[in-house]
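Engineer: Respectively, the protein sequence lines represent chains A and B.
Take the first sequence: its letters are residues 1 to 392, numbered as in UniProt numbering.
Take the second sequence: its letters are residues 1 to 325, numbered as in UniProt numbering.
In short, the hints are calculated from the structure, not lab data.
Built from N, CA and C at the ideal position, the CB exists for glycine as well.
Incorrect hints may appear among the rest.
What the hints assert, rightly or not - Partial list, computed: chain B residues near chain A (C-beta under 8 Å): (1) THR59; (2) GLY126; (3) GLY195; (4) GLU198; (5) ASP246.
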Amino acid sequence: MSNATMNNDTVHRVSFLDKASLHIPILRILQADGTTYEQAILPNIDQALAEKIHDTCVFTRVLDERMLGAQRQGRISFYMTCTGEEASIIGSTAALDDGDVILAQYREHASLRYRGFTTEQFMNQMFSNEKDFGKGRQMPIHYGSKELNYQTISSPLATQIPQATGVAYGLKLQGKRNVAICYFGEGAASEGDFHAGLNMAAVLKSPTIFFCRNNGYAISTPTEEQYAGNGIASRGVGYGMHTIRVDGNDMLAVLAATQQARAYALEHNAPVLIEAMSYRLGAHSSSDDPSGYRSKEEEEKWQQHDPVKRFKLWMINKGWMDEATDAQLHEKYREEVLSAVKVAEKLPAPHIDGIIEDVFDKPTPILKKQLKELKEHINKYPNAYPKSAGRL
Amino acid sequence: MAQMNMLHAINEALSIEMEKNQRMVVFGEDVGHFGGVFRATSGLQEKFGRDRCFNTPLTEQGIAGFANGLASNGMTAVAEIQFADYIFPAFDQIVNESAKFRYRSGNLFDVGGLTYRTPYGGGIAGGHYHSQSPEAYFTQTPGVKVVVPRNPEQAKGLLLAAIRDPNPVIFFEPKRLYRASVGEVPEGDYEIELGKAEVVKQGTDITVLAWGAQMEIVEKACKTAEADGISCEIIDLRSLAPWDVDTVAASVKKTGRLLINHEAPLTGGFAGEIAATIQQECFLYLESPINRVCGLDTPYPLIHEKEYMPDEHKTYEAIKATVTF
Numbered sequence: 001m002s003n004a005t006m007n008n009d010t011v012h013r014v015s016f017l018d019k020a021s022l023h024i025p026i027l028r029i030l031q032a033d034g035t036t037y038e039q040a041i042l043p044n045i046d047q048a049l050a051e052k053i054h055d056t057c058v059f060t061r062v063l064d065e066r067m068l069g070a071q072r073q074g075r076i077s078f079y080m081t082c083t084g085e086e087a088s089i090i091g092s093t094a095a096l097d098d099g100d101v102i103l104a105q106y107r108e109h110a111s112l113r114y115r116g117f118t119t120e121q122f123m124n125q126m127f128s129n130e131k132d133f134g135k136g137r138q139m140p141i142h143y144g145s146k147e148l149n150y151q152t153i154s155s156p157l158a159t160q161i162p163q164a165t166g167v168a169y170g171l172k173l174q175g176k177r178n179v180a181i182c183y184f185g186e187g188a189a190s191e192g193d194f195h196a197g198l199n200m201a202a203v204l205k206s207p208t209i210f211f212c213r214n215n216g217y218a219i220s221t222p223t224e225e226q227y228a229g230n231g232i233a234s235r236g237v238g239y240g241m242h243t244i245r246v247d248g249n250d251m252l253a254v255l256a257a258t259q260q261a262r263a264y265a266l267e268h269n270a271p272v273l274i275e276a277m278s279y280r281l282g283a284h285s286s287s288d289d290p291s292g293y294r295s296k297e298e299e300e301k302w303q304q305h306d307p308v309k310r311f312k313l314w315m316i317n318k319g320w321m322d323e324a325t326d327a328q329l330h331e332k333y334r335e336e337v338l339s340a341v342k343v344a345e346k347l348p349a350p351h352i353d354g355i356i357e358d359v360f361d362k363p364t365p366i367l368k369k370q371l372k373e374l375k376e377h378i379n380k381y382p383n384a385y386p387k388s389a390g391r392l
Numbered sequence: 001m002a003q004m005n006m007l008h009a010i011n012e013a014l015s016i017e018m019e020k021n022q023r024m025v026v027f028g029e030d031v032g033h034f035g036g037v038f039r040a041t042s043g044l045q046e047k048f049g050r051d052r053c054f055n056t057p058l059t060e061q062g063i064a065g066f067a068n069g070l071a072s073n074g075m076t077a078v079a080e081i082q083f084a085d086y087i088f089p090a091f092d093q094i095v096n097e098s099a100k101f102r103y104r105s106g107n108l109f110d111v112g113g114l115t116y117r118t119p120y121g122g123g124i125a126g127g128h129y130h131s132q133s134p135e136a137y138f139t140q141t142p143g144v145k146v147v148v149p150r151n152p153e154q155a156k157g158l159l160l161a162a163i164r165d166p167n168p169v170i171f172f173e174p175k176r177l178y179r180a181s182v183g184e185v186p187e188g189d190y191e192i193e194l195g196k197a198e199v200v201k202q203g204t205d206i207t208v209l210a211w212g213a214q215m216e217i218v219e220k221a222c223k224t225a226e227a228d229g230i231s232c233e234i235i236d237l238r239s240l241a242p243w244d245v246d247t248v249a250a251s252v253k254k255t256g257r258l259l260i261n262h263e264a265p266l267t268g269g270f271a272g273e274i275a276a277t278i279q280q281e282c283f284l285y286l287e288s289p290i291n292r293v294c295g296l297d298t299p300y301p302l303i304h305e306k307e308y309m310p311d312e313h314k315t316y317e318a319i320k321a322t323v324t325f
């Protein structure tokens, strides 16, 4: 057949397919008590990697707890946690090479930490101070790092999905042995950009890992009101790409799936879709209150599936971790975060001259004129513009 | 009359029309049981059922296309786009479909029963993507009406008129004022005619024109100018497409001066269109160049939000400069 379908089976009676026609298993390696399933094949992981993953988990938990607190105190304007989804985020990033490009949605700061973003760098962004790489222009948590191959966050959902396809295609043409990984939620997968990005990746053979964090909610909207099909994974098959569903709270399952997805993407110049089933334990953001749309009982049920605890128990079973060391690590990061907050919040805002930079590669004449007039105006009303008055 | 904030007034308008018009549906991201991220649709699902007030999947393109389909076949569709910054995936459906449905079919089909509601504007520490004022992209699109209310009373009357207008309307809601703007709102059903500006204060020296959240900014600036002995006439444009040239021109013929204020960037902003038309209509009456106080020609910056905004101080200075030209 010329219209590129898979087989030529013909039937002579009407027979519809439905969502049950496609059987999608879920990969689980690690049990709740920290032991592994008997038949499970473990990912490549040694003690050093396990310690790095655990360290990132602890840092992320502490950062989320402290910065949500800082937001409540009015020290920063906004915050988002990734609590409950650490295994999805860190387990997948840990499977990558540092040269692989990360295009995140916004809830993946743990990836950035895994790559080496410092506590000070996190704070500079959140406090919009003069050391922020993004020059104070975006809301807190919109991180980016050229050095760490982590593209700067953009709030609009799903725009990063077709972009990842383009990034990975470029990596292929440049002859690099690297992939792009794209994170998004099951809500963002409803956007048109999701379809565009996955279809193009499959057709153009772009080595992209599409990593869907299916965390149960898009702000208040539960998955039952987001899609009627068999999750997001069923779509990957439809686009003709290798697809896997994993327990997103199982660090080893996520790591194993992503390690193999990466190898496959590079070997075949092809995309892979991973759907990680998890739960957003926190609110959507500091502006959200989940009590308006879900029950405490539901949240408590998911607390039992804590991915960080499950992984820690595995490490303890291996003799690579103990409770005292874990507690010390928490304490270390609590102090580190707190002292970084104190430093970052005292640093001045970026200079007002930066307001017209980066609109284009060079400020245009009209932008220069607007800045000149703005500075004259600020001089007249210094009290109205405390961030820039007195340092023009 | 009852005291209420703008969200409450919008909610009332939606509820009144859903009661009267069984074919009206309200939908968008999180608008169902949760009542929307700003709670503008609170209680509507409980009152009118899940078939008439519901969550959609997260797709603005889909929401707008779905709304076009509903409206093209005799339904009244009120679609919420959660933030105006996120309206762009729906741009094709709005610009090429909503706006041209009637014209391209020779009036066989239309989507007059369609209203897009969307919160716009800055001043809430929202950075690039929760602060934009994209009205001018749509005022250049013949076939869609563009409306922006300034307070609760206006929001209720204009929204009821927008929903009932036989043309697609984009209703931009100033989110900074959602809870901050509280005022007397008439009870029951009333409409405020689309396409009509309102002279909210009479004056003789300069006409100061704005809409939406910038109205309170220009009112403050004018108050300061009045103390200097400058008499300001303040106009709320309310409808940007179509806009009320006659009311603005009549005012400028009286005052001889015009200052336009909007939050969106200067270049390509709607003030440019107003200035061009008014200099054509009022050329021999003008005593100074038409002035514009607008956002800078940059994306909306978080940390320098105050510096970016066309605030009361910039507006006051521009009033003085225009009057003493």
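Engineer: Sort out which numbered hints this structure fails and list those numbers smallest first.
Structural biologist: 3, 4 and 5
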